[in-house]
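Got chain A; can you put chain B on it based on the hints?
There are 2 protein chains.
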Amino acid sequence: MFVHNVFFWLKEKDNAEAREQLLAGIKSLEAIESIESVYIGTPAATRRPVIDATYDFAEILVFADEAAHDVYQVHPLHKKFVDENAHLWEKVLIYDVEA
Amino acid sequence: MFVHNVFFWLKEKDNAEAREQLLAGIKSLEAIESIESVYIGTPAATRRPVIDATYDFAEILVFADEAAHDVYQVHPLHKKFVDENAHLWEKVLIYDVEA
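So the sequences go chain by chain: A and B. Residues 1 to 99 in UniProt numbering are what the first sequence spells out, letter by letter. Residues 1 to 99 in UniProt numbering are what the second sequence spells out, letter by letter.
The following block holds chain A by itself, in its conformation from the complex (with noise of 0.2 Å):
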């Protein structure tokens, strides 16, 4: 399997509209049919030196395989995301896994 952990830091964490189309736009990437299984949510409460919970967002997208991922990459519902919502975020993190 292939893991596609992203993490996103808003650019205005108080923003409210900001946050609601941020999250409407990371929602609209589970329709990209190369994915098994999508996981969108926001720090848990979960408060140790060992955690960072300092995201606003995160987007765990489980893929059979690398060749599927690079599917969803190019896929226009994925490029329609970031043309719309990159200007919203101050930094994204990602962590691929192959597991």
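If a hint is listed, it holds; no wrong ones were tucked in.
Residues of chain B placed beyond 10 Å of chain A at every Cβ, according to the derived structure:
1. Leu10
2. Glu12
3. Lys13
4. Asp14
5. Arg19
6. Ala31
7. Ile32
8. Ser34
9. Ile35
10. Pro76
11. Leu77
12. Lys79
13. Glu84
14. Glu90
Listed next, the in silico BS3-like pairs over lysine-lysine satisfying Cα-Cα at most 30 Å (straight line):
15. B:Lys91 <-> B:Lys11
16. B:Lys13 <-> A:Lys91
17. B:Lys79 <-> B:Lys13
18. A:Lys79 <-> A:Lys27
19. A:Lys11 <-> B:Lys91
20. A:Lys13 <-> B:Lys91
21. A:Lys80 <-> A:Lys27
22. B:Lys13 <-> B:Lys80
23. A:Lys91 <-> B:Lys91
24. B:Lys11 <-> B:Lys79
25. A:Lys11 <-> A:Lys79
26. A:Lys27 <-> A:Lys91
27. B:Lys27 <-> B:Lys91
28. A:Lys91 <-> B:Lys11
29. A:Lys79 <-> A:Lys13
Treat the hints as calculated values from the structure; they're not laboratory data. We put the CB at the ideal spot given by N, CA and C, even for glycine.
Frame of chain A, contents of chain B only:
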């Protein structure tokens, strides 16, 4: 769902014995009953500026909720894993996601 993403950086990246021991330790956690899905692996081949591929092992555990995650945290297998392997890693970084 509650997704517990853990990334490990080994103290000795080129120590094959340490790698094998840590991987075996991470895999021993799969037996904990409150886990719904588990993905264990290493950095995928993808490389872009926003991708962090410097970690050595990733463990992505999916639980029904935070309570199921809490059962895992205090489980004897988890405690044994930390006791026996914590000396092997230089850094551990966790992202808990309420999804």
